[in-house]
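Protein chains: 2
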Amino acid sequence: MPVINVSTPSATYDVTIAPGLLRTLYPRIRKLSGSKSPRLVVVTSPNIWKLWSKRFLASFPTPPEVLFLPAGERFKRLPAVERLAQELAVAGADRDTLLLAFGGGVIGDITGFLAAIYMRGIPYIQIPSTLLAQVDSSVGGKTGVNLAAGKNLIGSFHHPLATLVDPELVLTLPPAELRSGLQEAVKSAIIRDPALFRFLEQNAKAILARKPDIKALTRVVTASIRVKANVVNIDERENGLRMILNFGHTIGHAIEAATNYKQLLHGQAIGWGQIAALHVALNRGSITQKQFDRMSTLVHQYGPLPPFKAQASRLVTLTASDKKRRSGRRAFVLPIAIGATEIVFDVTDEELLTATQSMLATMRQLTKS
Amino acid sequence: MPVINVSTPSATYDVTIAPGLLRTLYPRIRKLSGSKSPRLVVVTSPNIWKLWSKRFLASFPTPPEVLFLPAGERFKRLPAVERLAQELAVAGADRDTLLLAFGGGVIGDITGFLAAIYMRGIPYIQIPSTLLAQVDSSVGGKTGVNLAAGKNLIGSFHHPLATLVDPELVLTLPPAELRSGLQEAVKSAIIRDPALFRFLEQNAKAILARKPDIKALTRVVTASIRVKANVVNIDERENGLRMILNFGHTIGHAIEAATNYKQLLHGQAIGWGQIAALHVALNRGSITQKQFDRMSTLVHQYGPLPPFKAQASRLVTLTASDKKRRSGRRAFVLPIAIGATEIVFDVTDEELLTATQSMLATMRQLTKS
Ligand SMILES: NC(=O)c1ccc[n+]([C@@H]2O[C@H](COP(=O)([O-])OP(=O)(O)OC[C@H]3O[C@@H](n4cnc5c(N)ncnc54)[C@H](O)[C@@H]3O)[C@@H](O)[C@H]2O)c1
Ligand SMILES: NC(=O)c1ccc[n+]([C@@H]2O[C@H](COP(=O)([O-])OP(=O)(O)OC[C@H]3O[C@@H](n4cnc5c(N)ncnc54)[C@H](O)[C@@H]3O)[C@@H](O)[C@H]2O)c1
Ligand SMILES: [Zn+2]
Ligand SMILES: [Zn+2]
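Residue numbers (full-length UniProt numbering), protein chains in the order written: chain A, 1 to 369; chain B, 1 to 369.
If you are wondering where the hints come from, they were derived from the structure by calculation, not from laboratory data.
There's no promise every hint is true.
What the hints assert, rightly or not - Listed below are several chain B residues computed to face chain A (Cβ distance under 10 Å; list not exhaustive):
| # | residue |
| --- | --- |
| 1 | F157 |
| 2 | N233 |
| 3 | R237 |
| 4 | G240 |
Glycine included, every Cβ here is placed at the ideal spot set by N, Cα and C.
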């Protein structure tokens with residue numbers, strides 16, 4: 001059973017990955033809580049609870065309190081945090097109450113943030129139920145909510161007491177959500193893990209099928225978490241290395257903004273963003289044509305990446321809001337080999353435009369064929 | 001010019017106290033920001049801005065952006081935080097933007113919290129304009145907002161880059177607000193500063209008059225901040241010593257709750273709470289009758305404490321929510337001499353009831369005379 005340690009200046013905790021883990025939750029949580037009868041409150045969505053509550057509760061002597069948030073990114077906002085906090089207070093939750101975030105990235109981000117600010121901070125545990133949450137959002141301590149003005153503009157660093165990953169949870173995930181999450185695994189492979197890259201190349205069928213065997217997917221989840229944990233251990237607050245996790249995200253975020261966050265799943269936008277970033281790398285000579293082909297083929301293997309409508313120039317303009325965050329300098333992540341990257345600050349708007357046009361040309365070709 | 005250092009595991013910064021400081025804000029802020037032309041956003045209330053903006057802006061080469069929050073505790077809530085955050089985002093505020101909290105405790109608490117969670121944390125400076133904010137809320141890093149279910153239930157520890165105190169600001173404060181703030185100074189004297197205690201005893205007239213000379217009040221502000229900073233330096237997160245700052249607050253909070261936070265100012269409720277706590281100490285023999293008399297006289301000197309209607313038993317019941325926060329044990333702060341306290345955990349409801357009844361008896365006597 002893989003256990004991956006996260007160890008940063010602000011926290012140390014383990015990510016445990018084991019198929020079937022959900023049936024054995026309670027003893028694990030009790031041990032982590034350090035209390036014989038911990039005060040627990042679950043935060044989840046009705047659809048997830050309907051699918052998985054039986055297994056979730058199988059190991060509990062008495063069922064914990066459950067608070068619900070409807071499924072959907074549009075509920076990742078402060079009013080939802082206020083409502084949940086009020087419900088916690090009414091239920092008598094205090095500093096010793098332990099929250100259990102059971103769901104995808106939305107539930108994880110909002111519950112982590114709620115834990116960060118309820119009574120100035122209470123503990124929580126991540127129990128991620130989407131592939132994206134398992135390989136990405138449940139590790140690293142970033143929590144938060146959206147504003148009308150933009151995604152994740154409000155938040156805190158607040159690490160969980162632990163992250164408990166049961167890969168079997170993704171058995172009920174719609175295929176598009178699975179593939180979307182796998183784009184983050186592809187990203188991890190490209191930026192830092194050549195062995196994962198090869199495994200993703202050679203086992204796409206088994207990984208995507210999920211049944212009868214979750215082993216291949218479990219290996220992908222484990223390797224991806226290892227990449228994320230390793231990066232976060234070196235640079236918790238994204239002052240340097242952690243930026244490499246944004247590979248594909250500069251153009252990816254612009255695509256999400258251009259399509260109003262409605263048309264594509266996050267991983268689909270990031271898939272296209274990776275294609276664009278690979279074109280930047282190819283045009284600069286950071287990678288060879290052969291490396292470009294292998295990497296872009298892998299991205300498409302975990303597609304299909306659905307087409308969308310946007311002008312290349314508009315997408316480049318939209319990357320400006322990413323840029324703004326670092327006092328005018330845009331950090332851009334470029335692969336330099338399979339499993340290795342560099343961060344550069346001199347990618348021009350022209351380079352981005354050319355690369356984005358190439359990405360859109362690929363999209364047109366794929367739509368025709 | 002007194003400069004008091006706050007130095008905790010999470011931050012180190014200075015509290016500077018100087019009458020007239022407001023006229024020299026900009027060079028100080030620029031130095032603190034570490035930037036030649038810092039990006040500044042002021043958060044304040046319209047009434048404060050009307051009184052003091054001219055002096056505030058006197059040293060600015062160009063006026064900074066100003067965001068307004070109406071005056072009043074009822075605006076210390078998450079929707080106000082969301083609105084301010086949205087305004088920050090629309091104004092293009094990024095991680096390098098520096099917030100200036102210019103107002104009383106409400107403005108300080110909400111701006112500090114906004115700074116804690118905007119883009120997962122940006123810097124801010126406290127420029128407190130009420131006596132309470134100067135001697136208490138602008139030092140120590142507690143930030144936050146209220147829920148319907150209770151005060152300050154949402155928040156973060158987030159220290160300012162600096163606290164800049166101009167005692168002249170309190171010249172425009174309504175006398176009741178001044179006296180209310182001075183109850184926290186009385187508290188500081190009782191718990192930890194015999195010299196401040198004597199100064200408060202002997203200079204009440206000069207302190208309360210404020211004019212023509214702010215010197216006496218400045219000395220009180222400085223000594224009170226020194227007490228708070230010293231306590232916070234030893235115990236930032238209120239695991240032990242910091243609890244002594246809650247002297248008078250157990251019954252004080254119950255009085256605020258019983259009167260729906262509407263009838264009394266915080267310091268007035270805390271004044272009564274100190275009287276009740278002194279009765280507990282007297283009844284236990286923690287202090288002598290003579291010490292009791294000096295301390296309760298000082299509390300009333302900085303009154304008048306207005307009467308209110310509440311049953312002693314109801315007040316004791318309301319202290320239960322304080323208790324809840326420490327897993328069932330109620331920490332109670334008792335003076336053991338002028339300027340010295342202890343924290344005890346065995347104060348019974350009966351003791352509290354007796355003391356509260358004595359406090360209410362005093363109230364009746366004062367109302368008759
Ligand atoms: N904190 C971080 O570091 C970080 C990193 C990446 C992404 N994120 C955030 O994560 C969010 C996206 O997460 P997501 O992709 O998991 O979306 P999501 O949480 O909205 O989940 C997607 C959908 O799947 C459903 N679902 C969840 N588990 C299921 C299961 N086992 N079976 C069937 N359906 C299930 C959900 O109810 C939802 O409808 C975004 O808000 C993003 O900002 C955060
Ligand atoms: N963070 C902490 O450690 C801490 C400690 C104690 C209290 N608090 C909080 O502080 C708040 C109370 O603070 P407060 O007593 O300053 O109340 P406040 O901020 O509401 O100010 C009181 C009134 O005085 C007005 N005002 C402010 N400055 C003025 C000036 N110079 N001249 C004239 N009027 C002025 C305000 O607009 C308001 O109407 C509460 O919310 C309390 O929870 C926080
Ligand atoms: Zn992503
Ligand atoms: Zn107080």
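Structure-based check of each hint:
1. F157: F157/B check passes; min Cβ-Cβ to chain A is 6 Å, inside 10 Å.
2. N233: violated (18 Å)
3. R237: Given a least distance of 9 Å, the restraint on R237/B holds.
4. G240: With Cβ-Cβ at 15 Å, over 10 Å, it is violated.
The earlier numbered hints that this structure contradicts are 2, 4.
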